Structures are given as C-alpha cells and as structure tokens.
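Engineer: Protein sequence lines, in the order shown, are assigned to chains R and D. Residue numbers 4 to 410, in our numbering, belong to the letters of the first sequence in order. Residue numbers 4 to 410, in our numbering, belong to the letters of the second sequence in order.
Honestly, I wouldn't trust all of these hints.
Same chains, same label: a pair holds when it works inside one copy or across any pair of copies.
Keeping only pairs whose Cα atoms sit at most 20 Å apart, straight-line, the calculated EDC-like set for lysine to aspartate or glutamate is [to be verified]: (1) K332 / D353; (2) K337 / E58; (3) K274 / D28; (4) K407 / D353; (5) K332 / E406; (6) K274 / E35; (7) K407 / D334; (8) K274 / D47; (9) K274 / D20; (10) K337 / D232; (11) K332 / D108; (12) K332 / D204; (13) K332 / E380; (14) K332 / D321; (15) K337 / D325; (16) K274 / E107.
Quick caveat, the hints were computed from the structure, so don't treat them as lab data. Computed from a predicted model, the values in this text were never measured in an experiment.
Number of protein chains: 2
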Amino acid sequence: MTVPAALPASAPPEDQDPYLARVRDHIRALPESGIVEVMNYGRDRPGMIPLWAGEGDVQTPAFICEAAAAALHAGETFYTWQRGLPELRAAIARYMARLYGVPEDPSRYFVTGSGMQAIQIALAMALGAGDEVILPSPSWPNAAAAAQKAGARPVFVPFAYGPSGFALDHERLAAAVTGRTRAIFLNTPANPTGFVATRADLEAVLALARRHGLWIIADEIYGRFYYGDAPRAPSFHDVMDADDHILFVQTFSKNWAMTGWRMGWVEASPKLGQIIENLIQYSTSGVAAFMQRGGVAALDQGEAFVAEQIARARRGRDLVGDALLATGKVDLVKPPGAFYLFFGMAGHGDVASLGLTLVDEANVGLAPGTAFGPGGEGFMRLCFARGEAQLAQAAARLVGWLEKAAV
Amino acid sequence: MTVPAALPASAPPEDQDPYLARVRDHIRALPESGIVEVMNYGRDRPGMIPLWAGEGDVQTPAFICEAAAAALHAGETFYTWQRGLPELRAAIARYMARLYGVPEDPSRYFVTGSGMQAIQIALAMALGAGDEVILPSPSWPNAAAAAQKAGARPVFVPFAYGPSGFALDHERLAAAVTGRTRAIFLNTPANPTGFVATRADLEAVLALARRHGLWIIADEIYGRFYYGDAPRAPSFHDVMDADDHILFVQTFSKNWAMTGWRMGWVEASPKLGQIIENLIQYSTSGVAAFMQRGGVAALDQGEAFVAEQIARARRGRDLVGDALLATGKVDLVKPPGAFYLFFGMAGHGDVASLGLTLVDEANVGLAPGTAFGPGGEGFMRLCFARGEAQLAQAAARLVGWLEKAAV
Chain R
4 MTVPAALPAS
14 APPEDQDPYL
24 ARVRDHIRAL
34 PESGIVEVMN
44 YGRDRPGMIP
54 LWAGEGDVQT
64 PAFICEAAAA
74 ALHAGETFYT
84 WQRGLPELRA
94 AIARYMARLY
104 GVPEDPSRYF
114 VTGSGMQAIQ
124 IALAMALGAG
134 DEVILPSPSW
144 PNAAAAAQKA
154 GARPVFVPFA
164 YGPSGFALDH
174 ERLAAAVTGR
184 TRAIFLNTPA
194 NPTGFVATRA
204 DLEAVLALAR
214 RHGLWIIADE
224 IYGRFYYGDA
234 PRAPSFHDVM
244 DADDHILFVQ
254 TFSKNWAMTG
264 WRMGWVEASP
274 KLGQIIENLI
284 QYSTSGVAAF
294 MQRGGVAALD
304 QGEAFVAEQI
314 ARARRGRDLV
324 GDALLATGKV
334 DLVKPPGAFY
344 LFFGMAGHGD
354 VASLGLTLVD
364 EANVGLAPGT
374 AFGPGGEGFM
384 RLCFARGEAQ
394 LAQAAARLVG
404 WLEKAAV
Chain D
4 MTVPAALPAS
14 APPEDQDPYL
24 ARVRDHIRAL
34 PESGIVEVMN
44 YGRDRPGMIP
54 LWAGEGDVQT
64 PAFICEAAAA
74 ALHAGETFYT
84 WQRGLPELRA
94 AIARYMARLY
104 GVPEDPSRYF
114 VTGSGMQAIQ
124 IALAMALGAG
134 DEVILPSPSW
144 PNAAAAAQKA
154 GARPVFVPFA
164 YGPSGFALDH
174 ERLAAAVTGR
184 TRAIFLNTPA
194 NPTGFVATRA
204 DLEAVLALAR
214 RHGLWIIADE
224 IYGRFYYGDA
234 PRAPSFHDVM
244 DADDHILFVQ
254 TFSKNWAMTG
264 WRMGWVEASP
274 KLGQIIENLI
284 QYSTSGVAAF
294 MQRGGVAALD
304 QGEAFVAEQI
314 ARARRGRDLV
324 GDALLATGKV
334 DLVKPPGAFY
344 LFFGMAGHGD
354 VASLGLTLVD
364 EANVGLAPGT
374 AFGPGGEGFM
384 RLCFARGEAQ
394 LAQAAARLVG
404 WLEKAAV
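Excised from the complex, chain R in its bound form (with noise of 0.2 Å):
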C-alpha cells in the first residue's frame, strides 16, 4: 500500500503563473475543496436538490438569532475576552457536563470562529513543518489540507471497508508511526463514512498515543448525531485521564443549525490555556461577543431543537438509505453515526464525472467520494440532514436513475 506524500496540489506549479512563484511552495500547493465543481456546475439548476454539502436546510432557530441580536443593539460591539466570554464558557461547561458526565469546568473551554479554527488551533501546537499527522481515510479534507497549510504532511490510514461498514484498522494506524509522527486527528461519528468508533476503537488509539508520546485531535462534532441506543456516540472523554494530551474540536454548526456563524470551541487542559489564547490573539483575536450570545442561547435553551434536528436525520437515514438499498444497485450500509451516506456506485466511471452526470440526469446534487482523499473512489456521498419531502424525492430521482442506468 502507497500512502500519498501530500494531497495533490490545485495545479502543478509549473502550469501556474510566475506571479505566484513568490508564494511559499506548502501554500500555493494547498487543495481546492473536491466538492466545488460539482457545485458550480449544478448550482443553478431549477429543481436541483442539493445534498451535497455538510449542511441542514433549517435556519438558526429565532431564539438564538434573538439573543445576538439583542446584545448587538445594547452595544456588545467593543473588543472581549480572547478565550471567549466567561457567560459562554460556564454554558459550555453545563453542556459538557451534562453530555458527557465530566466536571463542570469553565477554564477547559476556549471560544474560536469556527470548528475548523479550532482544527488550525490544535494543529498548531501539535505540528510544524516537517511533521506527521495520521488521518483514517476517507475523511473530512479540510483536517489534512489544514495540517499541509502548517507545514506538516498528513498521512492517510484507509478504513478496513466490508459487510458491516467502515472500520478502523488497529494494526495500519500502529505501523503509520515514524519518529516524525506527532498526532493523531480522529474524526468520530465520522464524515463522509459514518463510521462510528467503539470504546475499544478509542481505547485503542488512545493506547497508541500514550505508548509514542502523540497529541490526539478529537474531532466529535457529530456526536450527538448517533443512531445506536445512546444519547451520544462512545466519545474519549468516557476512556481517557485528566493529563491526557487530547485537544477537542467542537462546532456549533451542526447540532444548532449554525453552520454560518462560524463559531467552535477548542477543549483542552487549563495548562494550555495561554497558549491558546496567543494562538487565538494571533490569529483572528476572538470571537464578536454578540455572537457569543447566541451560542449561550443555543447551549442553556436548545434541546429540543436538538432533539428534533436528530430524530430528523435518523428519519432521513432510513428514508434515502432504505430506498436506495432496495433497488440492489449500491454499495451501501446504512451508517451507525454522522448525517450522510456513503455508498459504492462502481461500474459508473470516475465519480467526479458521475457527480456531474447525476446534475444532468437525476438533477440532485452529491459530492464525489474522491474529495475526501484516499479510499473515496468509486464513493458517493449524499447529506440527508433535510426535510422529509426532499429527501423522498431525491430518492425517488436517484432509484430512477439507477434503474435506467446500464451498468
């Protein structure tokens, strides 16, 4: 098995234009999103259904969008707390508390814009140009591109695929550690796959970071988006100790419908606290405080927004997921964790090509699984975070198709 040195770049450098010769080589050889021209190319289709992108179709419940506004016309618009508002940062601590049965304390929480600045933050104390981080495959592709904007090289471990869905390799994680290796970013419940890890999966990896001395990204953010009988997908605070050198990345754009905000939180031991603080100042200097306001509105008052936005999604799961199980034209397990499916389309050609095709024929938008990095060929991803009538007929358009298709 080849591991790819990097992901590939936008173009190679001798196709660009001299201009861009004075851009540092690791920048300039970053990935543009594998999702983008599909999009472009559906975009403004009339009647295409968009299942594309990692995104609900409800807008933030007028509760949350209320409490920002309001601080917004009291004047809350000067500069705050870097590490976020101490309000916020106690409501997370309830929250955290309450989901995962852990102390309630306030100074583990650092308020970010965005959970994919939460990523640049943990990624920034764990890696520096020269290093390794190893990412089960297929993943979210912003984690890796984001290491490779530090100067690191990402390291892919695919996912044992077979009859019951995606798992992780114990055996492939283990042996992709070199001296270079300093942290392992685990995405669970997983995007694109689904793939939800075990107590034994987390204990197991914790193990191999204990045992080589390596930071763990944890990258939970769909962890209430579980469909076992739980409340909330295994997690690593249910396995790991207090000097644990674990960093939690977190969103609020999932669970609260928040996806524009741009709002995260990064959770890590107090003794990283400066830290972070510098890594915050330096970067985008915290997050507007009115904004703040609505994510203690989301935390102290959206449960049951919460609870329907998942029994929504376990709706949606089994609607598109048994209907295009039904037709025996997919490769498809329905998936135990996250909102989206990821199922086999062989026979169909390259799937970039097949996400274009699906626009012209179908007239619904999916994301090639070949965005997400290696073990995507051949893959589909489909978002079924949407209401109930879309997503029936998205299915009705996708087994349609399928049924006609010659394969």
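Fit chain D to the supplied structure of chain R, relying on the hints for placement.
Structural biologist: Relative to chain R, chain D alone:
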C-alpha cells in the same frame, strides 16, 4: 546595534509545566500581550480612564447593527462564499475606488474574519519556517507574533527618532535584508508611533522590495486617521504597479467602530484568488453572511460617521497633546496619523512599572512602550480616540501627576 532574534517567550521553557513540552517550540514561545498586565491591574478601579487599548469609546452605529440583525432574522445563517459575499466585495471596491482612485475591481478584495486574519493570510503566503520579515519598530506586536506563529523570524529595524518625531531609517532597512528575507511589513499611519510614510518613503520601500524580490505587506488600516492636508495618508496605491507583490490588510474596526466584529479584508492581485480562498477555507471557512451585510452598510452609508470619528480624533490629539506639551515634562511630537500619543517619560523608571504607578496615582490607564518591541523603552502609549470630556479629565490627571513627580 543588535537585532533580537525573536520576541521574548512568555516563560523560559524550563519554567513551564512538563505537560507543555509536547507543544511545538515556536508556539510555546509566543509572547503574551504586553498590555494585559496593566489592564488587569487597573481594569476594576473606580473612575479609571482606560486609554491603553486601540479602541474608541463609541459603539457600532445603529444603521450597521440593523443591517446585520435584519439579515440574521431573514435566515442568512448558512455557509457562504469563502472569498466574501459578492455584494460586500463590490462595496469594498466602490469604497477603495472613491478613496484611492483605483479601478473598481471586486476581484482584488477578500473578506476576512478580522484585520488580524488578513495579516495571518498575507504572512502565510509570504513566510514559512526559517524565513525572515522586516518590521520597523516599535510596532503593533501582533504582526511580529503572527510571523513567529508561522515559524518565521521577525527582524526589527528601529525607527529613527528626532525633534520631528519618528521616521523610517532606509539605510538600516536595506541593511536588514538577508538571503532569508521574504517580506517587509509596513504599517502606515503607524501604531503606536503615529509615524506616517511619505510618498518618498513608500517609493523607497517599494524599490527595496523590487530589488530583492520581497513581498510588501501594507497595513494601512489607519489611512483615514491622517492630520495632514489630505483626506487620507499616502498609500502604496499611489506608487505601485499592478504586478507588484503587495498585500494590503484592512479592517472594519477603526473607521466604523466595529472592533468587536472581527471583520476585515485582504487586497491582493486577483491571481492570488484561489490561494487566498484556500487559506480562508482551511482557517475559518469564511465570515458570517449576516455580519457581512453590516459591512456593506458601513461602506455604503458610513461616510458621515467616519468623518465625525476623524474630526473627534483630531480634537482629542490636540487636547491631550497640547496639555502634555505645556508641562515641558514629556518628550512628545504630536503625531501626523493614527490615534495614539507615543511619548517619552524618561526618569520615571521602567515603563511597565510606570503604567501601574499611573493607575495608582493618576487613575489613568496607559500602555507601556515596551509592549511594542525594541525602541519602545521609555515611552508610553495613550489612545485619544475618545470623547473630549473624558480626555480633558485624563489630561488634567496626567498633568497634575507630572507636576508633582520628582524627576
């Protein structure tokens, strides 16, 4: 003259908790803000007049808040354009064409989550591990710290200082260029010195950059806070060609009293568009669309407000500056730009302690010059972007303290 190799670390590594040993060295060594000590010391004193931060005392105007709140309630809460809303990029282009006489070209402008993020993006393109960036000093510390965060080395070149104030020392700038130099960072009008580059200065810096193939990162965020006979300070826009390697960083913070919003922009050659989009994608993934609607309102309807802000700052400069000059006990030249007095107080001991003393004995909060790097020793910074009544009281307190102080 010795040029410091890097900013001082917050604490020597050997004094730090062993938990932190796994954090990358250049990140662990990032400096804390040098203003925080005095702010924490004085923040809660009754009647304290805080002139330590780079922020006015006026909240964001209602018409800007209302535009943002309306968009929020209208459901602009989804993912948006990574380069910024087309409407905002068009508004920036109109504004820049009005102010600088440049062609109205939205493709040159990229919306960022703060001016600080604009700096981070510019530095990421220009600098990597082991590279050097030249900065005149004293200067706003975040630019140098952000370079250090990118693994690079800030090289400080002291301003010349004489009876007419601060000036660029072009010989020393040229002498600071080495084989590792990749960029010159120039802030004009400057924080904290109030220095304003002349057209001749800009031509000389541009010639130096062209000669050595360097980037210029132009921080002209105080461009309108200019007390000469023109509506704005001289700008690289006045001397550059389209194919020069100049990256402008900008912010909504100062002109429109939006410090807390964390919104700014990068101006760059459209050839860098995809690279800048990638850097935004992999750091914060864009700025909330509803906030950007506030930015459109600021640019299109904010001229009367900006004019009043600048007139007020000019009055503040004269009020406090003339009062301090009349004592004959400070070393002060009234600055031609920005909104700070940066004045020498020799004979009062080190300025970090002096800041605390002034809190205790004058109940006025100033920032010590040492917070702004080499060359700041012996100086204090005072922000005059505030109301006249408060500034008059602060001036009276400082004058009274100076008259009594035994020097």
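Engineer: Have a look at K274 and D20 and pick one of within, between, both or neither, based on CA distance no larger than 20 Å.
Structural biologist: between (45 Å within a copy, 8 Å between copies)
Engineer: Could you place K332 and D353 in one of the four classes (within, between, both, neither) given a Cα distance threshold of 20 Å?
Structural biologist: within (16 Å within a copy, 77 Å between copies)
Engineer: Could you figure out if K274 and D28 sit no more than 20 Å apart (CA to CA) within one copy, between two copies, both or neither?
Structural biologist: between (34 Å within a copy, 16 Å between copies)
Engineer: Taking 20 Å as the upper bound on the Cα-Cα distance, should K332 and E380 be classified as within, between, both, or neither?
Structural biologist: Classified as within; 17 Å inside a copy, 74 Å across copies.
Engineer: Reference check for the pair K274 and D47, CA-CA at most 20 Å: within, between, both, or neither?
Structural biologist: Result: close neither inside a copy nor across copies, 49 Å intra and 26 Å inter.
Engineer: Check K407 against D353 for me: Cα-Cα at most 20 Å, and say if that holds within a copy, between copies, both or neither.
Structural biologist: within (18 Å within a copy, 82 Å between copies)
Engineer: Cα distance capped at 20 Å. Does K332 pair with D108 within a copy, between copies, both, or neither?
Structural biologist: neither (50 Å within a copy, 50 Å between copies)
Engineer: Are the CA atoms of K332 and E406 at most 20 Å apart within a copy, between copies, both, or neither?
Structural biologist: within (8 Å within a copy, 89 Å between copies)
Engineer: With identical chains, the pair K337 and D325 could be close in the same copy or across copies; at 20 Å between alpha carbons, which is it: within, between, both, or neither?
Structural biologist: For K337 and D325, only the intra-copy Cα distance (8 Å) is at most 20 Å; the inter-copy one is 74 Å.
Engineer: Give the relationship of K337 and E58 under a CA distance limit of 20 Å: within one copy only, between copies only, both, or neither.
Structural biologist: This pair counts as within: shortest intra-copy Cα distance 19 Å, inter-copy 53 Å.
Engineer: Is it within, between, both, or neither for K407 and D334, if the alpha carbons may be no more than 20 Å apart?
Structural biologist: Cα proximity of K407 and D334: one copy only (17 Å, versus 84 Å across).
Engineer: Give the relationship of K274 and E107 under a CA distance limit of 20 Å: within one copy only, between copies only, both, or neither.
Structural biologist: within (16 Å within a copy, 49 Å between copies)
In this structure, the earlier hints numbered 8, 11 and 12 are contradicted, and the remaining ones agree with it.
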